[in-house]
Amino acid sequence: MDIFNNHRKLYTVATLFFTTLTFFTAILPALKNQADNAPLPDAKPLSKEAMAGKLIYISEGCVACHSQQVRNVDMDKPFGARPGMAADYANIKRTSFFQNTATLMGTERTGPDLTDVGNRQPSLDWNLMHLYNPRAVIKQSIMPSYEWLFEIKAKPAKTDVVVNVPEAFMKGKTGKIVAKKEVLQLVAYLQSLKQVPLPEGIKPMEFLYKKEQKEMAAAGTKAKADGKALYTANCQSCHQENGEGLKGAFPPLKGSPIVNGDNLELYVDIIMNGYDARQEYGVMPAVGTNMEFNEDQIAAIMNYERSSWDNKAKPVTPEEVKKIMDFVKLKVAASK
Amino acid sequence: MLLLVGFLLLFIEKTVAQQASNIISLKNETPIFVIFFLLSLLVYLVYALSQSAKVKDLANKQNKWLKMPQKERFKQYIKELNAEQIASYFSLKNKNSNKNALLVLLSLSLCMRANAQTNDESKNLMGQPGIIITITLLLIPILLGTIFAINKAIKAFHSYSNKSRLSEAEALAQHLYKLQDSDTEQDMEKRQAALEYTLSNSELSGKEKPEDAKGIITNISSEHDVHFTALKKKATPRPSLDKDITKLIIWYIGCSAFWLALGGLIGEYVGIKFVAPDADHISWLSFGRLRPVHTNMVFWGWASLGIIGLGYYVVPTVSNTKIYSIKWGWAALILTNAMVILGTLSLMAGINNGGGEFREYIWPITLLFAVALILTAANFIKTVARRTTTEIYISNWYIISAILFTIVIASTAYLPFWQNGIGETIVQGYYMHSGVGMWFTLYTLGLLYYFIPQQLNRPIYAYSLGILAFWTQILFYTIIGTHHFIFSSIPWWLQTVAIVGSGGMIIPVVAATINYFMTFKGQWKKVSNSYTLPFFFVAVMYYFIVSMQGTAEAFKFTNLLWHFTDFTVGHSHLGFYGIITFAIWGGVYAILPRLTGKEPLQHSVGAHFWLAFVGLLFYVIPISIGGTLKGLMWMDHKPFIDGVVMMFDFWLWRAIGGSLMFISHLVFAYNFYTMIKVKEEDVDVKEQAIKQLELITKSN
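As they're listed, the protein sequences go chains E and L. Going by my numbering, the first sequence opens with residue 1, and the numbers climb by one from there. Going by my numbering, the second sequence opens with residue 1, and the numbers climb by one from there.
Hints in this document: simulated from the structure, not taken from any laboratory. Bear in mind the structure is a predicted one, so any value in this text is a computation, not a measurement. It is possible that some hints are incorrect.
[Claimed, not checked] Pairs of lysine to aspartate or glutamate, DMTMM-like flavour, derived with a Cα cap of 20 Å: (1) E:Lys77 - E:Asp226; (2) E:Lys228 - L:Asp642; (3) L:Lys163 - L:Asp57; (4) E:Lys173 - L:Asp278; (5) L:Lys556 - E:Asp296; (6) L:Lys638 - E:Asp296; (7) E:Lys139 - L:Asp278; (8) E:Lys210 - L:Asp636; (9) L:Lys638 - E:Glu108; (10) L:Lys638 - E:Asp74; (11) E:Lys173 - L:Asp280; (12) L:Lys598 - L:Asp244; (13) L:Lys327 - L:Glu203; (14) L:Lys638 - E:Glu292; (15) E:Lys77 - L:Asp642; (16) L:Lys638 - E:Asp226; (17) E:Lys329 - E:Glu292; (18) E:Lys228 - L:Asp636.
Could you put the whole structure together from the sequences, leaning on the hints where they help?
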């Protein structure tokens, strides 16, 4: 055959073959996809501050460990209320003439997914302390410290944002740790990362591979919610493993009157809808609502907190919690 | 070696499956164990049947023999006496002395110990993996016990039949003693003479001394010492190539060896940060910035320069001509080095392209490499154009296509005016996948099509398989980039195409693997006698393993389990290190001694090989297991931080494996140095004499 002996023909045919395949499996789908998808109606463009923060997120290479995509599989559910879709990324345009579009979907999850972190962890104080040294809030974290986004001032000005870093993480430095402009922008970006709700009447894609439900259905019983695991996943990063919180940032649950007391209505309300009543502490997000906890899970968390770290309050039942949850929901709806 | 790897893979599979059943019970695991269980039972049955057939056969023969009349049997015995036995017969007969000697001569040693055991195992067919594992484990000693018993029984049977042989021998001795038949004795004498005849060893060569008139005998070994390690074959000296091209290739390989040592060091440091996150708090050295520095440095600095450098040897050699332009080669080398230096600095300074793996350098920097690729492609094509062979050797199909495709890939991914939203991710899947498979793999396969036949000194097994693999690789590999984003927001049809295409990859992979291994077939001795072939062997083996692993990873369940975990990091290292890096090393050890005439130290090459090989396994196996466990924990909705804590030990092992790999890079750099160093050499009397003779004749 001629093609074996004619280099012009051989390389032309091979390259054309490859280019054709490239066109149909990469170029065309990419073009079609960006033409077919528009941002969701409720999607807001990033604020100037958040956009500057995104550039820092990009330049620090956060995408090496943090993905920003909720796949339509059950295991991704902790990271968002619904699976992501192409429209979620539709408003992301080329970063600059020199830098490519940054959807930041990522391919590794050495750290948790950040698609919805703005709902999950909105607290400025927590984020700043976490960025200064992640191990100050999460003992076992392996995330790098971003110390260079902070500066030390002997006498911070009134407008400066001071971070109350625990003594052990000061490493002999004296003065106050002050957040630089860059880290405030970065936190603004993280706070802006929230899943956009779908327009009314449109159902989100389903999460596939729901293992637990199948097993439960097979066994005919309900799996018992694990309070300790739920606490570790959702509460521990602020209130800490020992329940003592962090001085000047997050309140202790050990010996807390709310945790140990009988005002279950306030207790459930805080878990479901967050709390920002005390100036000396950071804002608490609406953990329960964000994670779509049911009464079993709430009761499990409450009972874990009420029976740990020398706390000795009497256990609550899911039925009690259910009643309060319904009541609290009504109250929230009424206040809106 | 293959066994070792097989064992390790089995080990992974087992550990993972056991852990899996601990964490959550997975029905999918059951078939593996049932199959494993049935297979081992089958092997055992085959063994038992073959042994019983053997015993039957022996008993039949014995019976037949004994049924023959004694006279006939004795005649047969006498006919079959060997020279020594005939000689002793005559000497004994003549001396007529100790007749028992004959008995001793003909008797066989006796050994008997019978110990029969019977074993029946009842099978309890329960579908639970744990039970099947336990049964399999318990069966191992039982099966071994029955095999032992059968062997003993066969031995007992042998010693029983030896007893009857012994009495037969006595009768034969008596017969011989009384033998007075001159005809028979004459026959025996003739037979003795025939048996004792030997060659004089000079029937063919005559009495002349040997002479190598054409100078084709090399690798003469006249030492007969005891060697603790296998003595490896020396490189065949070649009429030296053009000095200029030699220098260019050495520079390519030297630069790549430098980038490997540095890139590996950075990788090692990045790996250590997983277990010591507070190692430093310097922005330029933080994990997010350094990780792409590592990956890009080994991609472009080490592997790309390495394969292009080897290409400058292979492309002209298989075209039987000289390279078109040395200058273009230097330009491409400088451009690529410049890209790696600028890219590294910019990434460390926090300037990157925004995400996508292997696409972290911004386009003005990658542009340097694109120009280098265009220069290289033009240079190689022009070299092929003036080839003196009719056909284009298959290596050049692969090598030049790889460069041309990579130009297409880079342009598609980097043209700075498109890809918004999800479009970026679709192109990213295509880019990073093709970057690996169309640039590194395709090019390396081309190199292997030259080096393996060349080092084995035999043609490639099947040219047509190479061509089949070539076209199917293009067809399937190009369409499966999206399998890096399964379950993501990319259109389902594209994901489905990717999964199906991943299955199709079996065709080119199996075709190429068969082709290489059939070339190795029957030449295995050459592998242990060569210091280059083990590298190529490992590369081919990993090509098969990693490609098939890649196909398996694209399936939905495995993707669910392994995606986003450290398992994929293990996979990419197994591929990039096991295939590409080992192939480049083999190529360097194959050509540098030819170019410079200096061999590396054999033990040092051995140290390099084993450190890299063992280091890679230490790297990959722990994080594959850890990644699997992490995936299972995620599926089970365990708190995220628990997965991080669980990984600690696996990350530590990874760092240990990484250290071994890093040491091997230093050994490689040293070997490179010994192959190129200019030594203050002793005056070669012969060489000098010829030169002086030249001077004398000229002046006269």
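Item to check | Hints violated by the structure (numbers, ascending) | outcome: 5, 13
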